[in-house]
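Residue numbers (this note's numbering), protein chains in the order written: chain A, 1 to 505; chain B, 1 to 505; chain C, 1 to 437; chain D, 1 to 437.
Derived by calculation from the structure, the hints in this document are not laboratory data.
Among the clues, some could well be false.
Claimed, not checked - Taking beta-carbon pairs under 8 Å as the criterion, some of the chain B residues facing chain C (in silico): (1) 7; (2) 10; (3) 45; (4) 46; (5) 180; (6) 184; (7) 186; (8) 187.
By construction, the Cβ of each residue, glycine as well, lies at the ideal position given by its N, Cα and C atoms.
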Amino acid sequence: MEPLIFEMSVPGRLGHDLPANDVADYAAQLPPHLLRAELPLPELSELDVMRHFVRLSQLNYSIDSGFYPLGSCTMKYNPKVNEDAAAMPGFAAIHPLQPADQVQGALQVMYSLQEMLRNLTGMDAVTLQPAAGAHGEFTGMALVRAYHRSRNDLARTVVIVPESAHGTNPATCASLGMSVQSLKTDANGGVDMVQLRSLLNDKVAGVMLTLPSTLGLFESNILQIAEMVHAAGALLYCDGANMNALVGEIRPGDLGVDVMHINLHKTFTTPHGGGGPGSGPVACKAILAPFLPAPTVAQDGDRYTLFTPEHSIGKVRGFLGNFGMHIRAYTYMRQQGAKGLKQVSRDAVLNANYIRVKLGNAYTIAYDRPCMHEAVFSLKKMKQETGVKTMDVAKRLMDYGYHAPTVYFPLIVEEALMIEPTETESKETLDGFIAAMQAIAAEARENPELVKGAPHHTKLGRLDEVTAAREPKLRWLPTDPQSGGKFGSGRNPNLTSQLEQLERD
Amino acid sequence: MEPLIFEMSVPGRLGHDLPANDVADYAAQLPPHLLRAELPLPELSELDVMRHFVRLSQLNYSIDSGFYPLGSCTMKYNPKVNEDAAAMPGFAAIHPLQPADQVQGALQVMYSLQEMLRNLTGMDAVTLQPAAGAHGEFTGMALVRAYHRSRNDLARTVVIVPESAHGTNPATCASLGMSVQSLKTDANGGVDMVQLRSLLNDKVAGVMLTLPSTLGLFESNILQIAEMVHAAGALLYCDGANMNALVGEIRPGDLGVDVMHINLHKTFTTPHGGGGPGSGPVACKAILAPFLPAPTVAQDGDRYTLFTPEHSIGKVRGFLGNFGMHIRAYTYMRQQGAKGLKQVSRDAVLNANYIRVKLGNAYTIAYDRPCMHEAVFSLKKMKQETGVKTMDVAKRLMDYGYHAPTVYFPLIVEEALMIEPTETESKETLDGFIAAMQAIAAEARENPELVKGAPHHTKLGRLDEVTAAREPKLRWLPTDPQSGGKFGSGRNPNLTSQLEQLERD
Amino acid sequence: MAYSPHTTAEREAMLKAIGVEQIEELYTAVPGEMMNAQFDFPPALSEPELHRHLRGISSKNADALTHPIFLGAGAYNHFTPSAIRFITQRGEFQTAYTPYQPELSQGTLQSIYEFQTLVCQIAGMDVANASMYDGATSLAEAALMAVNITRRKKVIISDAIHPDSEAVLRTYADGHQIEVIATADPISHAELGAAACVIVQHPDFFGRITDLSDYAAKVHDAGSLLIIAFYPTALGLLKSPGEYGADIAVGEGQSLGVGLQFGGPYVGLLACKTQYVRSIPGRIVGQTKDSKGQRAYVLTLQTREQHIRREKATSNICTNEALIALGATVYTCLMGKQGLRRVAEMSYNHAHYLAERITELQGYKLHFAAPFFNEFVVDTPIAPADLNKRLWEQAGIIGGFDVSAKLGGNAMLLCTTEQNTKEQLDQLVGLLAQFGK
Amino acid sequence: MAYSPHTTAEREAMLKAIGVEQIEELYTAVPGEMMNAQFDFPPALSEPELHRHLRGISSKNADALTHPIFLGAGAYNHFTPSAIRFITQRGEFQTAYTPYQPELSQGTLQSIYEFQTLVCQIAGMDVANASMYDGATSLAEAALMAVNITRRKKVIISDAIHPDSEAVLRTYADGHQIEVIATADPISHAELGAAACVIVQHPDFFGRITDLSDYAAKVHDAGSLLIIAFYPTALGLLKSPGEYGADIAVGEGQSLGVGLQFGGPYVGLLACKTQYVRSIPGRIVGQTKDSKGQRAYVLTLQTREQHIRREKATSNICTNEALIALGATVYTCLMGKQGLRRVAEMSYNHAHYLAERITELQGYKLHFAAPFFNEFVVDTPIAPADLNKRLWEQAGIIGGFDVSAKLGGNAMLLCTTEQNTKEQLDQLVGLLAQFGK
Ligand SMILES: Cc1ncc(COP(=O)(O)O)c(C=O)c1O
Ligand SMILES: Cc1ncc(COP(=O)(O)O)c(C=O)c1O
């Protein structure tokens with residue numbers, strides 16, 4: 001494989017070209033006790049660095065290279081026009097503390113984005129501050145807490161969260177010092193209404209629901225749930241990570257949701273980047289608006305200004321949020337328009353149901369009814385009958401050239417396999433994937449060992465994750481044994497594994 | 001492998017987003033006899049297109065992914081700052097026919113580039129019109145012809161060209177209606193002075209020499225040659241494709257060269273792009289300046305203007321030359337400065353000689369003396385002793401993860417292998433390559449069949465080039481058998497060959 | 001309808017395969033009146049229109065490429081080499097998800113492992129995570145780490161940490177019954193013995209360099225942890241948190257070639273001593289081997305994280321700032337040992353030249369006597385807001401940050417980087433002289 | 001010294017390995033006095049200085065992103081989708097050489113094969129090559145092809161081909177004793193029976209669409225070849241060279257998403273009937289199989305080329321415009337069947353709306369009565385140079401091309417594309433009205 005960048009370092013080599021000092025060398029007079037002893041960074045040429053990261057990139061699977069049906073992640077195509085927009089100097093090279101007069105264009109983008117999100121969610125106010133989905137949850141639930149406090153309703157510290165929820169939901173509650181009350185799913189994949197009724201009381205601050213749920217299902221009792229929650233004096237939070245199923249068609253605000261976050265890095269095509277940056281705006285009803293974090297953008301005639309809401313919970317992040325993601329999402333929404341977004345959600349639902357039906361024979365659907373943007377299967381039966389587990393199918397898919405779907409989530413589905421095709425994938429692509437999945441199901445019956453030993457055709461075999469966690473090796477150290485092939489930088493990524501075999505031979 | 005883009009087309013699919021028509025639909029009134037019957041282009045989504053070309057790219061070897069020691073090609077690192085420069089809207093989005101007032105910045109770049117090239121070559125005038133090296137040769141030799149014509153010396157239609165010259169040299173003479181007289185190389189790899197003397201007469205328009213020669217050698221008799229050529233009333237043309245060995249150190253003008261071209265896409269880091277665009281400026285002495293093609297850029301106070309020389313040979317290309325390459329070369333030269341460029345040529349020479357000496361035992365050096373920017377080996381002896389040919393070594397190098405050097409050129413060296421490492425490659429990279437070459441030499445002795453059957457570890461085996469030429473299949477047709485795997489767009493380029501195996505199984 | 005691959009015929013074929021006639025039949029769970037919501041949306045723009053529209057809006061902003069800038073205060077106009085974008089915009093990096101399937105994500109995983117190492121090298125620490133949202137949230141999460149480790153509920157902060165960091169810390173602390181105490185001299189504070197941690201910024205918000213040599217000993221003696229928030233560029237020159245004995249080091253990675261970007265996305269850095277590794281929030285990549293014995297990388301210690309531990313996780317963070325971390329990694333590799341130091345020196349030199357020249361002017365003086373890095377506070381004869389307005393209107397210069405409210409009087413925080421030229425500095429001095437009269 | 005990886009120690013180690021003490025010892029073949037030449041060169045700029053310098057220079061140019069443009073005449077301001085650059089700037093495409101080693105170059109080879117196919121599809125021809133320098137050199141090389149095929153030495157051209165094409169043709173023809181005859185009506189020319197070829201442009205330089213239906217028959221009857229130079233965008237709508245029976249079709253590929261780029265790099269298109277394939281200049285990619293039977297692509301018919309045939313080659317061309325051809329390939333795939341037609345229609349519609357409005361103005365009239373595509377000549381009441389000056393100074397508009405010298409009187413060639421908005425057209429009309437008074 002590719003060596004670590006540190007292993008390529010040569011003392012004295014330079015990869016930059018900086019101006020000569022044009023004033024006196026004041027730094028030379030800094031007292032030595034303030035100076036660091038050494039700066040142990042690597043030393044490389046620009047070509048060294050370029051090659052290293054180009055080669056590393058070639059070890060990645062990505063949307064731009066193939067179908068990536070990761071459930072709950074909305075791995076849709078990220079339009080390149082978004083990138084051109086964000087790279088414009090007037091967006092990329094402005095300082096967050098410049099006076100408002102100098103950044104009216106940027107504030108206009110933020111304001112318009114707030115407005116469009118408000119519109120799409122059917123809410124009254126929006127903050128763009130949160131940096132990701134979980135951060136949006138934190139912000140949204142902080143609003144809920146602030147609301148109850150403002151009413152002096154201090155006992156409300158319990159949050160009801162379905163067992164099927166994403167891990168960030170309970171973790172968010174904990175990070176706000178709130179306690180989590182788990183809620184069961186009924187036989188149809190909906191909220192257990194009986195249990196919900198029994199749990200709602202005057203300690204409950206709110207209920208966090210994911211809409212559509214992490215089972216990919218629309219909560220058919222949603223209006224009744226909202227009514228019950230409100231009747232109990234609590235608020236309804238919506239985890240809007242799955243907004244791609246609703247956008248342009250259904251407004252969570254109309255369903256009775258009081259506050260929600262939206263992942264711009266899912267529905268609104270800001271690229272996921274291998275784990276961020278994201279952006280998790282929060283939209284809320286008017287009762288929560290006074291508590292929004294600082295700052296939001298306000299319009300004042302034809303001027304835009306930054307604004308701190310009256311009872312703001314304070315700041316949740318430095319400066320103004322992940323602005324670069326705001327531009328991308330703004331660009332996407334302006335290109336789609338409301339009609340385009342409606343087609344987005346419809347096609348997302350169409351594609352997921354196509355997968356659901358086409359794979360319904362070979363695999364077991366967790367809850368057999370029309371799904372929204374993703375289809376969740378349970379491989380419990382396959383496991384019982386063949387010993388092949390969800391992870392085996394996931395790894396075997398790699399041999400067929402596909403990224404795996406999400407596995408073992410939601411936790412309430414045994415041997416869960418969660419497929420979110422997204423609307424940007426064509427019928428031909430889905431058909432190819434379906435054929436591969438069916439072939440694997442056949443293999444599981446006929447030759448289970450083949451599937452259990454997968455992947456067979458990737459450069460890497462399965463990783464030893466247990467040792468990784470038990471004896472964590474979390475950084476390179478100069479004392480590490482030098483690795484990497486003896487043939488220096490001749491590694492052709494297309495050939496790497498063979499090369500290394502050669503070197504071992 | 002990746003299917004052809006045409007095989008992915010679906011009727012009615014769109015990959016673009018164009019504005020609505022904002023005026024009347026005049027086009028609807030075009031008389032039908034002027035309209036085409038059908039436009040048989042493919043129909044694809046943006047994602048289809050992106051994935052297809054990302055995957056295709058991953059089938060390429062490139063400087064950015066590995067060492068590329070192709071002789072006579074100067075495959076050095078292409079700085080990315082060049083690309084940022086060329087992409088600035090003030091350069092990328094201006095029209096070649098805008099009035100000079102609106103494009104002073106562009107003309108300034110061209111003028112400064114002319115000046116820097118004039119300086120580096122030791123010449124008096126420069127044209128940036130030619131689009132590549134061969135086009136520069138055409139232009140330069142057209143100047144020579146125009147010069148003789150202007151003196152009414154019409155019988156001079158013979159050009160003396162060394163046997164070792166690049167194919168473009170004789171081809172250029174032919175394209176100008178001049179005839180080629182071949183010149184031998186002497187035992188030291190220099191011009192055969194005796195033959196040269198015998199060939200020079202009043203029919204000779206010029207002598208085309210490559211400096212350094214395609215053997216990677218500096219012509220030690222150059223001053224004497226120039227004298228002889230001039231004494232015979234002919235002019236000395238320099239093929240400057242190998243300028244990387246001289247730049248910042250030696251000026252061809254000082255050596256007696258009258259006219260030369262320079263490949264900006266070699267020495268001056270404009271990327272080769274898989275076969276262009278290039279740019280082949282021509283520099284000449286004052287006697288040839290009046291004949292330069294139209295237009296060149298002139299400075300008039302602090303204004304820049306386009307200018308047609310008095311006795312111009314006319315135009316060699318539409319508009320103003322490959323301006324995008326001019327900016328890149330300008331950027332590179334401004335960053336290096338004259339001192340930086342001198343270091344470039346010295347390091348290029350250093351690296352080539354390091355290869356020469358380190359591989360001198362395992363392979364036979366064609367002419368055993370210090371080389372300039374590249375080292376040429378002859379594998380004649382290896383072939384005699386082991387049956388392993390140059391092409392076998394080249395293909396075997398691929399198994400080691402390297403691109404092959406240039407093979408079978410220059411033609412005068414039997415079983416030629418021409419290695420140009422360039423100055424941007426590090427000692428570690430060269431050492432890795434040297435080790436691989438030595439390993440192959442050992443294989444050739446011990447296991448020649450292994451080498452002859454190479455490559456073994458690339459996705460593709462050797463190609464059937466004979467059938468390709470005998471039964472040319474030069475385009476896709478709708479009637480072609482559909483190919484491509486049945487699993488649609490699940491092709492992970494890292495896995496392609498295995499996948500296809502799977503599909504075949 | 002850009003980006004939808006479906007033709008009408010394909011949509012119909014798929015509906016048929018599903019067994020419905022209309023897409024609406026798939027929405028039976030949705031209360032009918034909730035479908036087909038109406039939206040008050042601006043009209044859709046085609047791609048060429050979008051380009052024009054965005055160029056128009058962006059040109060209303062005054063960018064730091066065309067305008068000299070003296071504004072810092074946590075976001076710095078350092079140079080971004082061209083090479084970086086060629087790496088970060090590669091689809092393979094940009095359009096990959098969090099590397100949950102390591103066999104297909106070694107590019108992302110190895111680059112994060114390298115990022116973690118580089119953060120440790122800069123900060124002089126043992127281990128680092130895969131990134132946090134930004135510097136402010138890194139600091140807040142570090143404080144929560146300290147609270148968890150020490151089981152104490154007080155946090156002492158220097159009153160010269162970035163105001164945004166303090167604000168975010170207070171938001172994060174809320175709900176955990178944590179008391180945040182801001183003070184000028186944290187290590188002498190009476191509550192030190194009850195504090196989970198002491199947090200200082202290095203250099204501080206006003207650019208001052210404090211010698212932190214005796215901090216660690218005092219803090220540790222009190223059973224507390226030392227958290228140092230650092231400016232990575234400054235550590236090209238200055239003593240690192242590790243050398244000062246910090247237990248946790250946090251930083252805003254923006255200065256590592258990320259660019260200004262109107263405040264984000266940036267990248268939060270978080271590193272600590274080995275013993276605290278299991279309290280770290282967020283993702284961590286570790287080295288391991290695959291079934292064939294090859295070196296490989298994988299997300300590890302995941303039992304700290306929300307997707308495994310849910311409400312018991314060390315943090316709720318999930319998506320972080322991977323691509324920005326990648327850019328910072330590339331930057332740090334390009335700069336390397338010598339380059340980061342050069343950037344630090346030039347930023348320092350420019351600020352000191354500027355300060356020297358400004359103190360020669362009538363009406364201006366340095367607010368603090370302490371050594372400073374590339375920022376310093378100047379007491380100005382007129383209100384900074386007015387100065388900035390005039391700098392902008394007369395010369396298109398983006399002026400300094402107004403700290404009058406924090407420090408009293410007229411006080412402005414001025415900043416330089418390697419990108420300010422002597423010409424710009426002299427021009428600023430000339431204008432200040434003129435405005436000060 | 002950017003980009004040199006060598007440290008002093010490494011240079012010394014290498015010299016030692018070579019067996020010399022000084023690098024100069026490797027230059028023994030060079031006459032000593034020729035070494036160490038002195039250069040009068042501007043000072044070197046570091047990367048940040050370069051960025052500033054180039055931004056400064058480029059801002060002296062009036063670009064077509066910020067200014068409405070009505071200039072065409074062979075280079076057209078068509079829209080370039082953002083996706084293209086993400087493909088063409090990938091190092092794997094951008095920094096590969098000509099695909100001489102097919103095992104490591106399938107990406108380039110297959111994309112050229114696709115380019116060849118697309119050119120054939122647009123032009124309605126049988127085969128195409130891998131690209132030429134530009135449209136003008138394509139036309140010149142096509143004429144030489146015809147001369148070689150027919151062994152005739154006269155070339156008849158329409159006098160309404162692009163002046164640059166004519167000029168380049170004359171330069172290329174020189175030395176082959178070829179007579180170039182320009183005429184308004186080539187197929188009626190007396191020398192037709194002695195001509196190697198007839199060359200027309202479609203639409204012609206003035207934007208006119210000529211019905212070429214009877215050209216091929218007449219030209220072929222005379223034993224000559226028909227060469228049609230086409231504007232690819234126009235063929236989204238108009239009859240193709242193939243439909244008109246052309247033997248060779250050439251074109252400037254600039255309109256296929258290449259952008260204006262101050263004239264280059266563009267890409268020359270060249271396609272012909274199958275029977276002439278062995279006379280084609282330049283590179284051609286063919287489909288074949290590898291030793292394992294897999295479909296693959298390779299440079300083929302190389303015996304036409306200079307590196308094999310030397311002075312007997314069909315042309316001296318070597319490096320062509322591969323990366324631009326790749327961009328044009330991506331563009332054509334994105335636009336596809338419907339998009340290219342849409343672009344053609346909108347360009348056409350805008351021109352016709354503009355022409356209609358302009359003819360309503362006093363003092364302006366259309367110079368020609370013939371149908372036109374997206375360009376047309378207007379007789380103007382004042383000199384086009386003056387009009388353009390006023391358009392520029394008053395409204396920042398880049399006006400049309402002055403063809404007064406060619407046509408007599410005051411004549412201006414105006415051009416529109418899909419990128420001109422109705423607003424821009426109306427603004428231009430308003431200004432012309434004002435200036436015409
Ligand atoms: C349902 C759900 N909620 C919340 C999140 C957390 O979002 P983020 O990763 O942006 O913090 C995710 C992300 O995967 C999710 O799928
Ligand atoms: C010595 C020499 N001369 C001329 C050329 C032709 O240059 P171009 O390919 O730019 O036409 C080359 C290119 O390889 C060359 O190596």
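Hint by hint, here is what the structure shows:
1. 7: It is violated, given that the least Cβ distance between residue 7/B and chain C is near 15 Å, above 8 Å.
2. 10: At 6 Å from the nearest chain C Cβ, residue 10/B passes the 8 Å test, so the hint holds.
3. 45: Check passed: Cβ of residue 45/B comes within 4 Å of chain C, closer than 8 Å.
4. 46: 6 Å, holds
5. 180: 43 Å, violated
6. 184: 47 Å, violated
7. 186: The hint is violated - residue 186/B has no Cβ within 8 Å of chain C, the shortest such distance being about 46 Å.
8. 187: 46 Å, violated
Hints 1, 5, 6, 7 and 8, counting from the list given before, are not met by this structure.
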